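Participant: Spelled out, the chains give:
Protein chains: 2
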Amino acid sequence: MEAAKNNNNERTSNGSIHGPTNPMVTPLLNDLYQFTMAYAYWKANKHQERAVFDLYFRKNPFGGEYTVFSGLEECIRFIANFKLSEDEIDFVRQSLSPSCEDAFFDYLRGLDCSDVEVYAIPEGTVVFPKIPLLRVEGPVAAVQLLETPFVNLINFASLVSTNAARHRKVAGKSKTLLEFGLRRAQGPDGGISASKYCYIGGFDATSNVAAGKLFGIPLRGTHSHAFVSSYMSLDEITDRSLRRKDGSSTCEDFVSLVQTWLSKIQLLNGVFGETNQSELAAFISYAFAFPDNFLALVDTYDVMRSGIPNFCAVALALGDLGYKAGGIRLDSGDLAYLSCQARKFFCSIEKEFGVPGFGKLIITASNDLNEETLDALNKQGHEVDAFGIGTYLVTCYAQAALGVVFKLVDINNQPRIKLSEDVSKVSIPCKKRSYRLYGKEGYPLVDIMTGEDEPPPKVGERILCRHPFQESKRAYVVPQRVEELLRCYWPGNLDKKLEPLPPLKEIRERCINQLEQMRPDHMRKLNPTPYKVSVSAKLYEFIHFLWLNEAPVGELQ
Amino acid sequence: MEAAKNNNNERTSNGSIHGPTNPMVTPLLNDLYQFTMAYAYWKANKHQERAVFDLYFRKNPFGGEYTVFSGLEECIRFIANFKLSEDEIDFVRQSLSPSCEDAFFDYLRGLDCSDVEVYAIPEGTVVFPKIPLLRVEGPVAAVQLLETPFVNLINFASLVSTNAARHRKVAGKSKTLLEFGLRRAQGPDGGISASKYCYIGGFDATSNVAAGKLFGIPLRGTHSHAFVSSYMSLDEITDRSLRRKDGSSTCEDFVSLVQTWLSKIQLLNGVFGETNQSELAAFISYAFAFPDNFLALVDTYDVMRSGIPNFCAVALALGDLGYKAGGIRLDSGDLAYLSCQARKFFCSIEKEFGVPGFGKLIITASNDLNEETLDALNKQGHEVDAFGIGTYLVTCYAQAALGVVFKLVDINNQPRIKLSEDVSKVSIPCKKRSYRLYGKEGYPLVDIMTGEDEPPPKVGERILCRHPFQESKRAYVVPQRVEELLRCYWPGNLDKKLEPLPPLKEIRERCINQLEQMRPDHMRKLNPTPYKVSVSAKLYEFIHFLWLNEAPVGELQ
Numbered sequence: 001m002e003a004a005k006n007n008n009n010e011r012t013s014n015g016s017i018h019g020p021t022n023p024m025v026t027p028l029l030n031d032l033y034q035f036t037m038a039y040a041y042w043k044a045n046k047h048q049e050r051a052v053f054d055l056y057f058r059k060n061p062f063g064g065e066y067t068v069f070s071g072l073e074e075c076i077r078f079i080a081n082f083k084l085s086e087d088e089i090d091f092v093r094q095s096l097s098p099s100c101e102d103a104f105f106d107y108l109r110g111l112d113c114s115d116v117e118v119y120a121i122p123e124g125t126v127v128f129p130k131i132p133l134l135r136v137e138g139p140v141a142a143v144q145l146l147e148t149p150f151v152n153l154i155n156f157a158s159l160v161s162t163n164a165a166r167h168r169k170v171a172g173k174s175k176t177l178l179e180f181g182l183r184r185a186q187g188p189d190g191g192i193s194a195s196k197y198c199y200i201g202g203f204d205a206t207s208n209v210a211a212g213k214l215f216g217i218p219l220r221g222t223h224s225h226a227f228v229s230s231y232m233s234l235d236e237i238t239d240r241s242l243r244r245k246d247g248s249s250t251c252e253d254f255v256s257l258v259q260t261w262l263s264k265i266q267l268l269n270g271v272f273g274e275t276n277q278s279e280l281a282a283f284i285s286y287a288f289a290f291p292d293n294f295l296a297l298v299d300t301y302d303v304m305r306s307g308i309p310n311f312c313a314v315a316l317a318l319g320d321l322g323y324k325a326g327g328i329r330l331d332s333g334d335l336a337y338l339s340c341q342a343r344k345f346f347c348s349i350e351k352e353f354g355v356p357g358f359g360k361l362i363i364t365a366s367n368d369l370n371e372e373t374l375d376a377l378n379k380q381g382h383e384v385d386a387f388g389i390g391t392y393l394v395t396c397y398a399q400a401a402l403g404v405v406f407k408l409v410d411i412n413n414q415p416r417i418k419l420s421e422d423v424s425k426v427s428i429p430c431k432k433r434s435y436r437l438y439g440k441e442g443y444p445l446v447d448i449m450t451g452e453d454e455p456p457p458k459v460g461e462r463i464l465c466r467h468p469f470q471e472s473k474r475a476y477v478v479p480q481r482v483e484e485l486l487r488c489y490w491p492g493n494l495d496k497k498l499e500p501l502p503p504l505k506e507i508r509e510r511c512i513n514q515l516e517q518m519r520p521d522h523m524r525k526l527n528p529t530p531y532k533v534s535v536s537a538k539l540y541e542f543i544h545f546l547w548l549n550e551a552p553v554g555e556l557q
Numbered sequence: 001m002e003a004a005k006n007n008n009n010e011r012t013s014n015g016s017i018h019g020p021t022n023p024m025v026t027p028l029l030n031d032l033y034q035f036t037m038a039y040a041y042w043k044a045n046k047h048q049e050r051a052v053f054d055l056y057f058r059k060n061p062f063g064g065e066y067t068v069f070s071g072l073e074e075c076i077r078f079i080a081n082f083k084l085s086e087d088e089i090d091f092v093r094q095s096l097s098p099s100c101e102d103a104f105f106d107y108l109r110g111l112d113c114s115d116v117e118v119y120a121i122p123e124g125t126v127v128f129p130k131i132p133l134l135r136v137e138g139p140v141a142a143v144q145l146l147e148t149p150f151v152n153l154i155n156f157a158s159l160v161s162t163n164a165a166r167h168r169k170v171a172g173k174s175k176t177l178l179e180f181g182l183r184r185a186q187g188p189d190g191g192i193s194a195s196k197y198c199y200i201g202g203f204d205a206t207s208n209v210a211a212g213k214l215f216g217i218p219l220r221g222t223h224s225h226a227f228v229s230s231y232m233s234l235d236e237i238t239d240r241s242l243r244r245k246d247g248s249s250t251c252e253d254f255v256s257l258v259q260t261w262l263s264k265i266q267l268l269n270g271v272f273g274e275t276n277q278s279e280l281a282a283f284i285s286y287a288f289a290f291p292d293n294f295l296a297l298v299d300t301y302d303v304m305r306s307g308i309p310n311f312c313a314v315a316l317a318l319g320d321l322g323y324k325a326g327g328i329r330l331d332s333g334d335l336a337y338l339s340c341q342a343r344k345f346f347c348s349i350e351k352e353f354g355v356p357g358f359g360k361l362i363i364t365a366s367n368d369l370n371e372e373t374l375d376a377l378n379k380q381g382h383e384v385d386a387f388g389i390g391t392y393l394v395t396c397y398a399q400a401a402l403g404v405v406f407k408l409v410d411i412n413n414q415p416r417i418k419l420s421e422d423v424s425k426v427s428i429p430c431k432k433r434s435y436r437l438y439g440k441e442g443y444p445l446v447d448i449m450t451g452e453d454e455p456p457p458k459v460g461e462r463i464l465c466r467h468p469f470q471e472s473k474r475a476y477v478v479p480q481r482v483e484e485l486l487r488c489y490w491p492g493n494l495d496k497k498l499e500p501l502p503p504l505k506e507i508r509e510r511c512i513n514q515l516e517q518m519r520p521d522h523m524r525k526l527n528p529t530p531y532k533v534s535v536s537a538k539l540y541e542f543i544h545f546l547w548l549n550e551a552p553v554g555e556l557q
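From first to last, the protein sequence lines are chains A and B.
The opening position of the first sequence corresponds to residue 1 in the numbering used here, with each subsequent residue numbered one higher.
The opening position of the second sequence corresponds to residue 1 in the numbering used here, with each subsequent residue numbered one higher.
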């Protein structure tokens with residue numbers, strides 16, 4: 001027991017829990033009824049009864065057939081730090097009835113999660129409805145106080161990492177995906193959480209500086225339309241000199257160099273008429289600031305008549321001084337058409353002026369992108385290398401919530417079931433184990449739940465997998481590989497080996513690998529095949545025995 | 001100037017900014033490009049140029065014609081505390097190019113918002129598209145660093161308070177509205193923000209204890225299904241005694257008293273067969289904990305056959321001892337039907353057993369409620385007194401984001417316009433004032449923007465209000481009352497009277513009053529009439545002059 005205690009302490013003190021603690025996540029981040037129930041349990045002297053709760057969701061989001069599980073590390077950090085301050089206890093006292101006994105608040109004062117056990121599927125795993133993501137065991141009052149924070153921490157995390165994975169799926173592996181959602185996110189932490197969990201789901205970088213600092217996520221960003229329109233004319237550029245990259249000399253009039261290039265380009269382009277001079281001034285000014293990574297937003301005035309020629313003139317001038325420009329961003333209009341036109345233009349410059357690599361300048365597109373617009377762009381054909389995605393990604397606009405629930409499945413070694421007229425809402429009782437069974441081709445075939453004490457499925461041995469509620473749906477499976485899904489992340493009083501909490505990059509890699517491992521028909525956008533989730537024959541019998549026992553017998557009147 | 005500085009300091013130190021600071025809201029809660037632009041402005045020695053930005057949205061959410069403006073106080077608190085720490089400056093340095101000059105980071109080190117001015121519409125005001133919610137003036141680099149945090153803080157706040165107001169509108173004034181969304185919210189702060197801004201929008205209470213503590217919002221909560229199913233039988237109740245409310249004596253066997261009442265009720269009910277005994281045990285246990293405010297969730301097994309009779313038996317037994325029960329919560333099934341049945345049952349008990357007030361017990365309903373289900377319940381007829389609303393409310397499921405933008409409208413006293421092929425995206429240039437003009441019946445008639453230096457509209461004097469972009473849409477108005485919308489919340493270097501930041505309750509009252517003041521046809525759910533937003537004749541002319549000036553002339557090819 002001491003060893004386990006030490007284990008817990010290690011998790012809280014020696015940094016084996018990575019990353020910062022969200023200061024908002026305290027035991028008061030809770031529904032009031034968790035405290036009223038805690039009091040009622042305590043008053044009935046029932047608070048120490050050992051309960052088992054399953055945390056799971058009922059339906060995959062976004063019309064898909066898979067979900068990426070995220071948020072675990074924050075739950076474990078929460079449990080490691082679970083302790084009510086005097087101030088918080090006072091507030092709970094004010095919020096409950098004045099008749100509540102003082103001794104309850106002494107109990108709250110001493111409450112921690114050292115006798116709670118948490119078993120979970122590793123973060124970043126592809127998961128499915130009904131299979132417990134977490135199994136939490138411990139004194140019923142303590143475990144109920146974990147419900148709201150755990151569900152809150154997992155719901156949005158899993159939803160947004162799934163959304164990110166779906167965007168990655170449609171964009172394809174070769175594209176760079178940038179999360180640009182902070183401004184439209186649901187509050188400051190909605191933005192920070194989105195940045196973190198989009199990274200897990202397969203995004204490459206974020207614009208969110210706070211998330212970059214907190215989690216080490218790569219950052220990206222250039223300039224906005226306001227920067228462009230803050231310039232009026234080239235006269236605003238007072239210092240026109242720029243040093244060559246190798247430091248060997250200085251170009252005294254970089255502006256003239258740009259203008260010379262612009263004339264050549266105009267001839268090539270065959271379009272006469274001036275480009276927007278305030279835009280040109282802004283680009284030159286931005287190039288002075290970032291000569292080594294010149295990226296420009298080219299749609300403030302007119303992409304093909306102004307933004308692209310202006311950008312190319314600056315990029316070519318930078319090239320003369322040994323710098324290599326980065327590329328452009330398109331933020332409006334027909335992104336497919338404009339990206340192809342821009343690419344064609346870059347290639348013609350590469351060819352005409354003999355500038356190697358100019359044709360491969362990076363084209364980034366943004367502007368209300370989502371799964372559907374990415375899909376449409378793919379079908380139309382485009383030349384975009386990187387997508388900046390905001391609103392639809394971070395707010396999970398297509399479906400703004402996941403229905404994660406936390407259900408009592410056993411108390412005092414008595415299995416409990418929650419009935420409902422809606423079968424999909426009936427809970428699966430008992431303290432359970434779950435396994436993922438893999439087939440010959442290496443794909444996961446089915447997840448199966450069994451009672452805690454049943455022997456595990458064995459490689460090469462036939463096992464009957466039953467739909468938990470539909471009698472006729474069942475299949476024999478001979479697994480080629482068996483993976484137990486729940487692992488111990490918080491041992492309570494047990495002297496158990498703890499599963500490590502990996503750094504964010506590893507979670508992201510796990511997620512990407514997991515997604516690649518899935519059979520493609522489960523992952524497709526249109527009419528995906530549901531992945532099978534089952535129970536053992538024994539558990540099936542028991543569920544239905546309990547169901548009949550608990551359900552009232554109707555009367556036809 | 002000193003006086004103004006003091007004003008700022010007062011705002012930061014003497015508590016005139018109410019409530020706590022969100023620790024996530026630091027200057028790094030920003031898009032990287034705000035820092036790259038700051039560097040580029042600085043490098044071009046343009047960073048101190050005086051710029052004016054408007055913060056506004058383009059379209060009302062949820063298919064409606066109004067929006068509740070929220071989030072202002074958090075913006076003012078952000079600006080009051082705006083200061084980069086050494087640690088943050090180091091991180092910005094790492095995130096920008098290594099070629100960035102050191103002196104820039106000295107500039108960041110000294111940067112605060114003492115020379116920024118913020119004019120805003122008071123929080124809790126009903127607002128409309130295109131009208132600036134905030135006008136922010138100051139050195140261009142500093143103001144750009146406010147864009148992302150301001151937009152983040154206002155977007156979700158305004159969206160969710162509007163959503164709450166819409167729910168209130170359909171529920172009606174007499175109902176109690178409870179926000180129960182923490183578990184499904186977009187992260188911890190998504191939940192806390194939702195609780196705060198739903199309260200502003202007209203909700204009465206929240207289940208979120210953290211929000212209760214932070215903002216003084218009333219808290220509500222009873223127990224969950226897990227509490228009910230954690231009980232197996234009446235044998236679990238060991239101490240069966242309950243003291244009378246007046247303390248005069250003790251009922252030694254409260255359980256028997258309940259059982260006696262249950263038998264009487266069963267006879268009245270005409271339904272034979274036992275109610276669920278584990279549910280009864282849970283209710284009795286909960287009553288022991290909260291005899292003075294007994295509220296029970298009655299749908300764990302069967303509402304009419306078990307939950308209601310069990311609840312009534314406990315409530316009647318409590319009544320014998322001088323306690324008054326609170327009511328029930330329904331969390332599944334046909335809420336209209338069940339609430340009517342429950343009410344009928346309560347009334348028959350009041351009549352049959354002569355228990356005054358029993359028929360008026362509070363019926364609370366929850367379970368995936370939203371505007372549509374509330375509307376449907378109203379049409380069907382119901383007996384619900386209080387609604388607990390979660391997912392759809394707090395995640396703004398029907399529309400998960402508002403499109404607040406922040407646009408440059410003037411720099412160095414030069415008006416700027418942002419063009420777009422989509423007219424709705426063209427910005428309205430110039431440093432402006434805005435007014436709300438009221439008609440004879442006291443309703444707001446139209447909002448009008450004018451240039452900064454134009455004389456304000458006068459009561460009783462005819463003024464031409466023009467649609468900003470459609471030439472033919474214009475109307476003369478003779479206002480009976482004129483209200484200037486923008487007020488000074490942060491004075492910069494000016495010695496201006498500061499608008500107070502009212503406490504949350506006042507903001508909520510303002511919001512409720514504002515909503516009641518609107519003409520009903522703007523507020524209705526189906527096909528509401530758009531509220532008119534206009535510009536003065538002079539501003540109209542100027543917008544179109546600038547537009548023609550900036551827009552490229554097309555070539556038909």
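Careful: at least some of the hints might be erroneous.
Stated by the list, open to error - Mimicking SDA-like on lysine to any residue, the simulated pairs with C-alpha atoms at most 20 Å apart in a straight line are: (1) A:Lys425 - B:Lys245; (2) B:Lys245 - A:Glu516; (3) A:Lys213 - B:Lys83; (4) A:Lys245 - B:Ser99; (5) A:Lys83 - A:Asn60; (6) A:Lys213 - B:Thr391; (7) B:Lys59 - A:Asn367.
Please keep in mind that the hints were generated in silico from the structure rather than gathered at the bench.
This structure is a prediction, so every number in the text was calculated from the model and none was measured.
Participant: Which numbered hints does this structure break?
Facilitator: 1, 2, 5, 6
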